[in-house]
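Visitor: Each position in the sequence shown, counted from 1, maps to that position plus 76 in the working numbering.
Take the hints with a grain of salt, since some may be wrong.
[Claimed, not checked] Restraint ranges, calculated between C-beta atoms of paired labels, are given here:
| no. | residue 1 | residue 2 | range |
| --- | --- | --- | --- |
| 1 | S129 | Q225 | 30 to 36 angstroms |
| 2 | T110 | R199 | 15 to 21 angstroms |
| 3 | R174 | W142 | 18 to 24 angstroms |
| 4 | A139 | A178 | 26 to 32 angstroms |
| 5 | L230 | P147 | 26 to 32 angstroms |
| 6 | E102 | I140 | 25 to 31 angstroms |
| 7 | V203 | E102 | 24 to 30 angstroms |
| 8 | E181 | Q160 | 33 to 39 angstroms |
| 9 | D143 | P232 | 29 to 35 angstroms |
These are computed hints drawn from the structure, not numbers from a lab.
Small disclaimer: the values here were computed from a predicted structure and weren't measured.
Ideal Cβ positions, reconstructed from N, Cα and C, are used throughout, including at glycine.
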Amino acid sequence: MKTLLILYLLTSISTFAAELHFSDMEDGDRVEVTLHSTGCFHNSISYYEARKSRGTFFFTEYAITWDKKLPSQIAQKKVVAELQLAPKDIDALDGLLRYFRAKREGSSTTQISLLVEYYEGGRPVKVEQLYDGSGGYGDQNKDMTAFYQLTSRLHP
77 MKTLLILYLL
87 TSISTFAAEL
97 HFSDMEDGDR
107 VEVTLHSTGC
117 FHNSISYYEA
127 RKSRGTFFFT
137 EYAITWDKKL
147 PSQIAQKKVV
157 AELQLAPKDI
167 DALDGLLRYF
177 RAKREGSSTT
187 QISLLVEYYE
197 GGRPVKVEQL
207 YDGSGGYGDQ
217 NKDMTAFYQL
227 TSRLHP
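Generate the whole structure from the sequences, applying the supplied hints.
Guide: Here it is as structure tokens:
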């Protein structure tokens, strides 16, 4: 019994330690992303979800309404738009994670943070907090897609 418990704990720890990717999703899995961007003339928060259902990947943009009580919690989560993703989109989202996980030189007044929450079969398996303050986020890297590029396809 003790051996089984130790084996279970070691398996769980290795699961949480591994880097997860959008391409790792199986049917029923989802990745929720909270993007917070601040700069000289803006301060915005956006909410997205990528999920896999019946072998197909979907990207959803949400409008969030916050509860006025403290601690602040989401009062309403409303779908703004949804997009079916192609395999190249999933690869490009993985590229975005690689970009955020890498160390970069440079600085900018725009600071972007991602709270990335991974769910397998409805249960949370990992949370990552990723940052970029290099000013290099965006169209320059052809191996990735930014969330605003996906949302521009939702709102042509």
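Visitor: So which of the earlier hints does this model not fit?
Guide: 1, 3 and 7
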